[in-house]
Structures are given as C-alpha cells and as structure tokens.
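**Q** Based on the sequences and whatever the hints tell you, model everything.
Each protein sequence line maps, in turn, to chains P and D.
Under our numbering, the first residue of the first sequence carries the number 40, and numbering increases by one thereafter.
Under our numbering, the first residue of the second sequence carries the number 18, and numbering increases by one thereafter.
I should point out that these hints are in silico values taken from the structure, not numbers from a laboratory.
This one's a predicted model, so the numbers in the text were calculated from it and none came from an experiment.
Simulated crosslink set (EDC-like; lysine to aspartate or glutamate; CA at most 20 Å straight-line): (1) K269/D with D74/D; (2) K178/P with D79/P; (3) K178/P with E155/P; (4) K178/P with E161/D; (5) K214/D with D130/D; (6) K50/P with E69/D; (7) K269/D with D62/D; (8) K178/P with D147/D; (9) K214/D with D36/D; (10) K214/D with E169/P; (11) K178/P with D130/D; (12) K214/D with D81/D; (13) K214/D with D242/D; (14) K283/D with D263/D; (15) K269/D with D286/D; (16) K178/P with E153/D; (17) K239/D with E135/D; (18) K239/D with E176/D.
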Amino acid sequence: MTTATLSRPVKSALLGVQNMSLLVGRTFVAMVRPPFYVRDTFVQMDVLGVQSLVIVTLTGIFTGMVLALQSAVQLSKFGASLFVGQLVGASVVRELGPVLTALMVSGRVGSGIAAEIGSMRVNEQIDALEAMGTDPVKKLVKPRVLAGIIMMPILTIATDFIAIIGGQLISWLMLHQSSSTYWNAVWSGLYLSDLFSGLAKPLVFGFVITMVACYRGLTTSGGTEGVGRSTTQAVVLSSVLVLATDFFMTKLFIEVFGH
Amino acid sequence: MFRSRRKRKEMGHPDLHPDPQWSPRAVPGRDREPDPENRMIDLEDVHLAFGEKVILDGVWLEVDRGETLVVMGGSGTGKSTILRIILGLLEPDSGRVYVHGVNIVHANQRVLDQVRGEIGMVFQGGALFDSLTVGENLAFRLHERGGYSDEEIERLVEEKLSFVDLESRVKNLMPAELSGGMRKRVAIARAVMGSPKIVLYDEPTTGLDPITSETINTLIIKLRDQQNVASIVVTHDIGSALTVGDRFAMLKEGHIIFEGDADAVKTTDDEYVRTFIDSRMIGA
Numbered sequence: 040m041t042t043a044t045l046s047r048p049v050k051s052a053l054l055g056v057q058n059m060s061l062l063v064g065r066t067f068v069a070m071v072r073p074p075f076y077v078r079d080t081f082v083q084m085d086v087l088g089v090q091s092l093v094i095v096t097l098t099g100i101f102t103g104m105v106l107a108l109q110s111a112v113q114l115s116k117f118g119a120s121l122f123v124g125q126l127v128g129a130s131v132v133r134e135l136g137p138v139l140t141a142l143m144v145s146g147r148v149g150s151g152i153a154a155e156i157g158s159m160r161v162n163e164q165i166d167a168l169e170a171m172g173t174d175p176v177k178k179l180v181k182p183r184v185l186a187g188i189i190m191m192p193i194l195t196i197a198t199d200f201i202a203i204i205g206g207q208l209i210s211w212l213m214l215h216q217s218s219s220t221y222w223n224a225v226w227s228g229l230y231l232s233d234l235f236s237g238l239a240k241p242l243v244f245g246f247v248i249t250m251v252a253c254y255r256g257l258t259t260s261g262g263t264e265g266v267g268r269s270t271t272q273a274v275v276l277s278s279v280l281v282l283a284t285d286f287f288m289t290k291l292f293i294e295v296f297g298h
Numbered sequence: 018m019f020r021s022r023r024k025r026k027e028m029g030h031p032d033l034h035p036d037p038q039w040s041p042r043a044v045p046g047r048d049r050e051p052d053p054e055n056r057m058i059d060l061e062d063v064h065l066a067f068g069e070k071v072i073l074d075g076v077w078l079e080v081d082r083g084e085t086l087v088v089m090g091g092s093g094t095g096k097s098t099i100l101r102i103i104l105g106l107l108e109p110d111s112g113r114v115y116v117h118g119v120n121i122v123h124a125n126q127r128v129l130d131q132v133r134g135e136i137g138m139v140f141q142g143g144a145l146f147d148s149l150t151v152g153e154n155l156a157f158r159l160h161e162r163g164g165y166s167d168e169e170i171e172r173l174v175e176e177k178l179s180f181v182d183l184e185s186r187v188k189n190l191m192p193a194e195l196s197g198g199m200r201k202r203v204a205i206a207r208a209v210m211g212s213p214k215i216v217l218y219d220e221p222t223t224g225l226d227p228i229t230s231e232t233i234n235t236l237i238i239k240l241r242d243q244q245n246v247a248s249i250v251v252t253h254d255i256g257s258a259l260t261v262g263d264r265f266a267m268l269k270e271g272h273i274i275f276e277g278d279a280d281a282v283k284t285t286d287d288e289y290v291r292t293f294i295d296s297r298m299i300g301a
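**A** Pasting the structure below:
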C-alpha cells in the first residue's frame with residue numbers, strides 16, 4: 040500500500056473532524072443569535088421527545104424486568120435477593136437508562152434527522168434556504184440540537200422510572216417482595232451524584248446524536264443512495280460516540296465523586 | 018440608532034455600495050456604452066476548480082436590467098455552477114462577481130444575505146420545501162425577512178399565484194400533490210416573492226412536455242417585460258432558449274466560446290455551436 044492511498048482516508052477523516060467541529064462552533068454561535076425559531080424547536084421537541092415515549096417505555100420496562108430477573112436468580116443463591124432493587128436502581132440510573140435511551144433515540148430520531156436534512160440537501164432545498172438568505176444552521180440544526188438537549192434528560196427520567204417499575208414487577212412476581220422493601224432497596228443504592236450523572240449524560244448524548252445526524256444530513260451527496268448512506272452513518276457514528284462518551288463521562292464522574 | 022425591520026425593508030439595503038473599482042464591461046457586439054445603473058450582473062475572469070477538475074476557466078459574463086441571458090452548454094460544463102456563484106453559494110477560486118456593482122467574492126454573510134435579497138432563484142427540481150404548503154413556501158421569504166403583516170403576506174401570495182396562472186386554492190396543497198409543471202410555476206412564484214431585480218433559472222423546462230414548457234417560457238418573458246428583471250436562464254433546451262433569450266452564451270470546457278444575440282446564434286460559423294444547436298433542434 041502506497042503513502043498516497045494511506046493518506047487519503049486519513050485526510051478524509053481529518054477533514055470530517057474539521058467540518059464537524061466547524062458545524063459545532065457555528066451551532067453554538069447560532070444558539071445566542073436571532074432568529075430563534077421557537078415554533079420549530081417545539082415541533083422538534085415533539086418529534087424527538089413525545090413521539091419517542093412509546094419506544095423508551097418499552098425499552099425501560101423490558102430492561103428493568105430482565106435486570107431484575109437475572110439478578111434475582113443470581114442473588115437468591117446467596118440469600119441476597121433483598122438487594123435486587125438496589126442493583127436495578129443503581130444500574131438503571133447510572134448506566135442503562137441514559138445509554139439505552141440514547142441508543143434508541145439515535146436509531147429513531149438520528150436516522151430521521153439525517154434522512155430529512157439529507158433529502159433536503161439532495162433536492163436543493165438547503166440551497167434554496169440559503170438563496171433566500173436563511174442560515175440552515177439556525178433554521179434546521181439549532182432547533183434539533185436544542186430539542187435533543189432538552190428532551191433527552193426527560194426521556195431518560197421516563198426510562199429510568201419505567202425500568203425500576205419493571206424490576207418491581209419481577210421482584211413481586213418471583214421474589215414476592217413488598218413494594219416498600221423494593222423501593223427502600225432502590226433508594227439505598229442511589230447517591231445524589233447518581234442523579235447528577237444520570238441527567239448530565241443524556242444532555243450530552245442529546246447533543247451528540249442530533250449534532251451527528253444534522254452533520255451527516257448536511258453533508259449528504261449522491262442522490263437517494265446518498266441519503267440512505269448518510270442515515271446509516273448517522274446511526275452508527277452517533278451510537279459509537281454515545282458509548283465512547285459514556286465511558287469518558289463515567290470515568291470523570293468516578294474521579295470527581297469517588298464512586 | 019436601531020431601525021425597525023419594516024423601516025429597513027422600505028429603505029432597501031443601505032449597506033450595499035457598488036465597488037469603487039468596478040466599471041461595467043461593454044457587452045460584446047453591442048455599440049452602446051455600458052450603464053452602471055442598468056448593469057445587474059458582471060462576472061469577470063471567474064475561475065473555479067474542484068480538486069484537479071477545472072470547471073470554470075476565466076468566464077466573463079454580463080447581464081443588464083430587463084435582459085435575459087441564456088447560458089447553454091453540454092451536461093457537466095458548469096452552467097449551474099455559474100448560478101451558484103452568483104448566489105454566493107459557491108466561492109470562485111479567483112475573479113470578481115458583481116451583483117449590481119457589489120463584489121460578492123469574499124463578502125461577509127451580511128452582504129451576501131442582502132445581495133441574495135435582490136435575487137430570485139428557480140431551481141431545477143423546484144426545490145420547494147416538502148413540509149410546507151404551497152402558500153407557506155411562497156410566504157417563507159417574507160416571513161424570514163420580517164416586517165410584513167399576515168394580511169400583506171396573504172395578498173402577495175395570492176398575487177404571485179395569479180401571476181403564474183395558478184388558482185388561489187393551490188396555496189393549500191402540499192408540493193407532493195403538484196404536477197411537474199405546477200411545481201415549476203410555484204417555484205417561479207416563490208422566486209419572485211419580494212420583487213427581486215434578478216431572477217436565475219436552472220433548467221426551467223427540463224422534463225416538461227412541450228405545452229407546459231411553452232407556459233414556462235411565456236412566464237419568463239412576462240416576468241422580464243412586466244417587472245424589468247435581469248434574468249439568466251441555464252438550459253440545453255434550444256427551443257426554449259431561442260424563445261426566451263435576448264442574448265446567448267455557449268459554455269465549453271470552462272470558457273464562454275460564443276456570445277451573441279439570436280441572429281448571431283443562427284448565423285454563427287462556430288462548428289461546436291452549430292452542431293450543438295442543430296442536434297438539439299433535431300432532438301427536440
């Protein structure tokens with residue numbers, strides 16, 4: 040393999056990082072500059088948040104149930120089934136709630152954003168926006184990113200709550216635990232810092248998912264085939280970035296809070 | 018002192034000043050001196066390349082108020098690129114692009130936005146916003162610009178729909194519900210919202226049947242005659258070109274290889290232009 044063939048993908052990747060960073064910068068600037076497109080932001084909050092409630096509810100209930108089921112089987116062997124609530128609560132609030140919600144939203148909303156903006160790009164609608172003096176970053180990116188930042192923590196709270204309810208269902212059916220026993224165990228496994236990290240993570244995930252999807256959409260080329268490619272890349276890249284960001288944020292929180 | 022958006026709208030664009038170094042080039046084959054007041058577009062020695070591929074290699078073009086310039090050429094020769102450069106969507110590698118005397122190369126966003134306010138663009142596929150109704154598409158520019166009341170916008174939408182011979186009820190339809198010809202007409206109506214002084218057309222009749230093409234040609238002529246706009250029509254539909262054009266330019270390998278009026282087109286000795294026109298006429 041020659042140096043030239045080696046350098047092409049590296050150059051392409053570096054160019055992608057540079058363009059993505061520029062878009063992030065332009066989005067931050069756009070956040071504080073009018074017009075604010077409040078109506079568009081509320082529409083996106085509905086699309087991203089309210090319309091994702093069913094999928095996060097299903098994710099939450101089954102995650103909580105399977106977590107309780109697995110831990111009930113294992114902990115019962117040591118006579119420690121009272122700790123099921125503690126395990127479910129801590130796992131869901133610290134990790135599974137934020138990450139699984141982000142992955143579901145990435146699949147549902149990230150793909151939708153990339154496809155919508157990508158179609159606008161290949162059909163020259165983005166050019167038409169610019170030709171009429173409208174900044175696509177302000178009109179398209181800003182409302183979606185704001186909606187992601189606002190709605191992801193709310194969706195995560197919903198997932199967390201429903202997952203813990205799912206766990207309670209299993210602990211009641213399998214272990215015949217009372218509601219108060221289960222909830223006491225849940226609370227005893229949680230720290231205030233868990234609440235903080237459990238809400239800080241989705242905020243960052245919301246930003247990452249919407250930003251990547253908007254970037255992939257805006258850089259779409261190659262007609263309808265290109266739209267399909269952008270959609271796939273948006274989901275894959277945002278999912279990987281969610282998992283990577285989760286690792287680094289978890290590391291940071293452990294350093295800061297000590298657990 | 019801050020001015021209201023309404024006030025700014027009424028005053029035009031106080032920030033736009035012609036470049037002091039700009040003097041309009043004489044139109045080839047035309048005797049009269051160029052008039053800076055009437056000169057709407059001047060492209061001077063514009064070069065553009067994408068990597069190794071040279072798209073424009075020293076293009077000179079000019080369009081006066083009330084005039085329609087048709088840019089012809091084969092596919093992929095950079096005809097549409099010229100329109101994108103005039104809109105400031107693409108920046109040339111070198112050269113100067115004057116819109117009413119204002120050089121938009123390296124211009125800041127504020128100047129670009131103001132210059133774009135003077136230009137209406139009809140994209141090849143219409144580029145109507147799928148998620149908005151026809152009425153909302155037409156009103157979009159005015160909403161963005163601000164300073165218009167709802168009643169005023171409603172009146173202007175109806176007026177422009179009537180201008181392109183569409184019924185008022187069309188404003189409630191979604192773009193997906195329109196035929197190809199209707200989409201083009203709506204695109205023209207949207208381009209002329211806000212009364213631009215320049216209208217750019219990218220392949221306005223491509224993919225349309227002859228009768229609908231004739232309707233679009235008539236609209237382009239009507240717009241030039243009634244609103245005295247400067248127009249550039251990019252097309253390889255020779256029939257349409259000869260109907261709407263006042264002057265013609267042929268683009269080949271990044272250069273304008275021919276420029277002249279309809280008579281010059283019909284009598285040119287240039288072999289490429291002759292072959293291009295004859296083959297297209299037979300094809301049509």
